[in-house]
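Enquirer: With the working numbering as the guide, the letters of the sequence shown map in order to residues 2 to 469.
A hint or two may mislead.
Said to hold, decoys possible - Below, a list of computed lysine-lysine pairs in the DSSO-like style, where the Cα atoms sit at most 27 Å apart:
id, residue 1, residue 2
1, Lys462, Lys229
2, Lys228, Lys442
3, Lys442, Lys383
No lab work stands behind these hints: they were computed from the structure.
All values reported here derive from a predicted model rather than from experimental measurement.
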Amino acid sequence: MSTTNATDTENAHVTVNPATGETLERYPLMTDAEAHAAVEACHQAFLDWRHTPVSERAETIAAIGQALRDHKQELAALMTQEMGKLTAHGEGEVDLCASICDYTAEHGPAQLESEERELADGTRGIITYSPTGVIYGIQPWNFPAYQVVRYAIANLMAGNGVLLKHSPAVTGSAELLARLFEGAGLPKDLFTVLIIDHDQSDSIIANDRVRGVTLTGSPEAGSTVAKKAAAELKKTVLELGSNDAYLVLEDADLDVAVPMCVMGRIFNNGETCVAAKRFIVADAVYDEFRERFVEAMRAITWGDPTAEDTDLGPMAREDLRDHLHEQVRESVENGAEILCGGEVPDAAGFYYPATVLGNVAPGQPAYDDELFGPVASLIHAKDDQDAMRIANDSRFGLGGGIFSKDADRAIALAQDHFDTGMVFINGFSLARPEMPFGGVKDSGYGREHGGFGVREFVNAKAVIVMAE
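With the hints as extra help, turn the sequences into a complete structure.
Expert: See below:
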């Protein structure tokens with residue numbers, strides 16, 4: 002094996018083990034003709050699938066969930082090899098994916114049932130939720146299974162076909178998922194992995210067979226894809242990351258807040274969109290929180306992601322690690338201080354230590370941008386009201402959190418003041434199959450999970466019966 006950092010070469014996708022920097026596999030790119038033939042095959046599979054009763058679709062979705070459970074160790078190990086997540090985090094990701102399948106199989110048929118309405122003139126109205134066609138998903142590397150399952154399962158339940166352009170870094174995971182889906186009984190070609198580059202991706206968006214596009218990535222990538230899809234009059238759903246604020250209010254229980262904030266920052270090696278990133282702490286508890294939080298972050302051990310005693314694995318790619326370090330350096334140059342961490346280890350692999358920045362203020366990447374790695378921004382607020390103001394002083398709005406012993410007050414703040422798509426009270430969590438997932442502002446638009454994703458790419462068709 003050779004050492005490389007390439008993940009998208011001229012003629013192939015190359016996967017790399019971020020713990021060692023060694024090449025894993027090389028996957029040749031499809032030709033243009035092969036890619037568009039795959040789109041056509043997916044469309045032909047959709048033509049049959051759209052007429053499959055929703056109860057039968059649900060059975061297949063449930064079988065996919067079981068297949069994921071049956072192959073949990075295999076899939077988790079591959080994700081660790083390709084992007085460096087801890088083995089336990091990979092296994093938890095597969096469990097989440099399986100639970101999404103379970104929820105969708107149980108509730109999807111009811112969410113897609115036709116509705117009848119009596120119209121004002123006494124005539125009869127029927128609303129039916131019809132599949133629209135082939136949906137194209139462009140997905141990142143940080144959750145190789147979940148990012149796929151999140152949009153694919155909902156759209157398969159809805160009766161659509163699904164295309165996947167996964168991150169080149171996790172091509173092996175993409176192909177394994179396709180095998181598991183088909184092995185669970187999903188019709189051939191209905192879920193199709195496209196191994197293509199960016200230019201080819203643009204042509205897929207323009208393909209007449211593609212009816213919608215969903216992307217998880219940066220705001221810049223989202224803006225580009227949204228423009229290209231809009232030019233083709235195609236709907237998009239975008240999840241574009243965030244710099245989520247976690248508020249530690251004056252009455253917070255620090256025995257709860259500190260470990261939850263640490264977990265929220267280092268989970269998945271800090272490479273999570275809906276994660277704790279800015280820690281906004283009221284003056285009354287700031288000093289104690291800072292001392293305890295920095296101590297806990299300093300104690301985080303990095304190393305082999307397959308070892309049980311490792312807290313933090315490597316970042317997925319060398320360029321991502323280097324970009325994060327540059328954001329830290331730029332923040333320090335503009336007034337931030339390093340409270341712990343902040344140095345690139347002299348070791349093989351793409352590691353970065355758990356890091357806390359203090360004196361974080363506007364004009365620094367640590368305040369304004371998303372730091373996609375194990376770096377925490379600690380921000381001092383005058384009081385609870387000031388903490389809420391700082392939280393909303395962001396162009397992002399995916400998730401956030403509030404720590405307070407007064408849960409009712411925290412709920413009111415979340416409902417009435419927090420300008421995000423999701424808020425967690427007195428804890429840290431990721432997606433829940435039962436609850437909508439998505440953001441506002443530069444974090445994107447559209448919702449997945451909780452029945453919302455099933456209806457994102459359907460035709461809510463009005464049938465009006467004038468006489469019977």
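Enquirer: Take the hints in turn and mark each one as holding or not.
Expert: Now the hints, each set against the structure:
no.	hint	result
1	Lys462 - Lys229	26 Å, holds
2	Lys228 - Lys442	16 Å, holds
3	Lys442 - Lys383	26 Å, holds
In summary, this structure violates none of the numbered hints.
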